[in-house]
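Sequences listed follow chains W and L, in order.
According to the working numbering, the first sequence holds residues 60 to 247 in order.
According to the working numbering, the second sequence holds residues 171 to 478 in order.
Since the hints were derived computationally from the structure, they do not count as laboratory data.
Source: prediction; values computed, not measured.
The beta carbon of each residue, even a glycine, is placed where N, CA and C say it ideally should be.
A hint or two may mislead.
[Stated by the list, open to error] In silico DSS-like links for lysine-lysine, alpha-carbon gap of 27 angstroms or less:
| id | chain 1 | residue 1 | chain 2 | residue 2 |
| --- | --- | --- | --- | --- |
| 1 | W | Lys90 | L | Lys397 |
| 2 | L | Lys397 | W | Lys223 |
| 3 | W | Lys119 | L | Lys322 |
| 4 | L | Lys374 | L | Lys289 |
| 5 | W | Lys90 | L | Lys343 |
| 6 | W | Lys209 | L | Lys339 |
| 7 | W | Lys119 | W | Lys181 |
| 8 | L | Lys374 | L | Lys427 |
| 9 | L | Lys289 | W | Lys90 |
| 10 | L | Lys378 | L | Lys289 |
| 11 | W | Lys236 | W | Lys181 |
| 12 | L | Lys427 | W | Lys216 |
| 13 | L | Lys198 | L | Lys322 |
| 14 | W | Lys236 | W | Lys221 |
| 15 | W | Lys119 | L | Lys374 |
| 16 | W | Lys90 | L | Lys339 |
| 17 | W | Lys209 | L | Lys476 |
| 18 | W | Lys239 | W | Lys90 |
| 19 | L | Lys378 | W | Lys90 |
[To be verified] Among chain W residues calculated to face chain L with C-beta under 7 angstroms, some are:
| id | residue |
| --- | --- |
| 20 | Val77 |
| 21 | Glu78 |
| 22 | Asp82 |
| 23 | Phe114 |
| 24 | Ile118 |
| 25 | Thr132 |
| 26 | Ser136 |
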Amino acid sequence: METGSISYTLLKDGRLDVELTIDYIYEEHYKTVYGFLVFFTGNISDAEDLTQEVFIQVIKSITNFNRAFQLRTWILSIAKHVAIDHYRRRKFYTLLNDNFFVNMVAKIGLPQENLEIKETNKIIQESLAKLKPNYRTVFILRAINELSIKETASILKCSESKVKVDYHRALAMLQKKLTKSMKGVMDI
Amino acid sequence: MTQKNEEYIINSLRNSPDLIPSNEFVSKTRNELQLRARNMSKKKPIYSKYIISTGLAVSMILIAWITLFSGSNQINTAAIINAGQIITNPQNIITDVKNEPLVFIYHTHNRESFVPELKISSPDEAQSSDINKNITSVGRYLSEKLEELGVKTLVDQSDYESKPNFDFKDSYKLSRTTVVNALQSNPTLKMVFDVHRDSLPRDKTTVKINGNDVATVRFVVANSNEKYEENMKFASTLHDQLESLYPGLSPQIFLVKQPEGESSQSYNQDLFINSLFIEIGGPENSLIEEYRAVDILAQIIAELAKNN
């Protein structure tokens with residue numbers, strides 16, 4: 060199936076077949092949701108927990124889903140809520156903890172000459188996970204999830220111009236952080 | 171603050187291995203969600219109504235039985251159907267294949283393949299360019315069956331991914347050209363099928379028929395095009411026939427609803443009234459299971475193609 064479409068399955072009597080529908084929704088959207096959350100939280104175990112939480116909320120409210128909206132937009136709004144909630148809960152006791160990406164283990168063994176690139180990529184991910192949550196969200200949605208300005212605005216419930224401004228601020232901050240931490244690693 | 175910088179950052183993030191969840195997590199979560207969905211549908215408070223109406227129906231049947239047959243005759247309710255018997259009446263098989271093609275088969279996602287054929291373990295990796303192991307072979311088998319049943323069939327075996335600068339998102343644009351050309355050069359075509367396989371786990375894409383595992387057949391209809399009603403009617407005809415013969419073989423018609431506008435995906439169904447997207451089985455089915463489904467599907471398609 061193509062991603063980004065709205066897909067749901069009806070039983071013969073017209074009711075929604077939740078079991079099958081969630082299967083389709085999960086298959087189509089888990090990568091997007093996980094990708095968003097892994098960059099937002101900056102660690103794999105949180106991303107896994109929150110991904111599951113997002114889809115559980117989808118099950119709970121799928122029968123009330125307004126089919127005039129795009130499914131992906133709706134799911135990502137849930138993901139954003141879950142992520143922000145998580146951020147608020149965690150803020151109290153991990154404010155000074157910089158252990159972002161500690162749990163991340165490279166899945167593919169990289170040859171020695173790639174170590175430098177790997178290191179750079181790690182720094183980029185760390186810097187992203189340290190941005191303010193609203194900048195982080197805009198940046199991930201636009202740059203990684205490749206959403207349009209319009210869709211991003213509807214997920215964040217803000218104007219399209221705010222999306223543009225916040226994206227550029229996020230990018231500028233990211234570049235600033237990178238230049239600081241990458242002296243000697245690469246010429247950026 | 172150059173364009174290059176922005177591109178470098180974005181590419182680095184997009185290519186990060188961290189973006190891909192582990193297979194273990196993906197399947198664990200899938201199972202967990204299934205469990206929750208199942209529990210939720212069980213909780214639905216529709217039971218009382220359901221029990222009353224069923225009870226009423228049962229008692230009416232019982233009364234009818236007692237009064238009409240005095241309980242002496244046995245009711246032969248079980249109409250047992252064996253694979254193929256019902257529709258392969260010898261008089262329906264026309265051996266001379268007519269020259270005008272009636273059916274066109276193509277594959278937008280032609281590299282969709284099957285775990286058992288590739289000897290791999292992850293359904294996510296079930297992609298192959300080998301036309302004897304990917305969905306192309308299912309389309310080819312369908313065409314052979316249809317020809318055997320007297321329906322001239324054309325099959326397209328394009329490998330879109332081998333084209334330079336291929337982008338998966340453009341698959342439907344590429345296959346659209348295939349369909350447009352086929353329709354233009356073959357005005358006799360009555361049916362057009364885009365054959366895919368599903369991405370669901372095995373238990374959702376397999377049914378037992380007469381002791382054999384058979385791949386399911388799901389029809390997909392997009393509501394975002396002007397031929398939606400005709401497509402839906404066509405899908406319903408095929409779906410109802412499959413379901414009446416083998417309940418569970420065609421679990422449902424899958425309706426894809428999309429917002430109107432430029433991004434809306436019609437799966438090329440706007441090109442022709444009898445144009446359908448069919449998903450036969452999933453990544454964990456074997457080709458033999460796929461072929462068993464095609465054996466049944468071919469008979470129904472052949473019937474319709476010849477009678478309309």
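Original post:
Any hints this thing doesn't respect? Which numbers, in order?
Top reply: The structure breaks hints 1, 2, 3, 7, 13, 17, 18, 19, 25 and 26; every other hint is satisfied.
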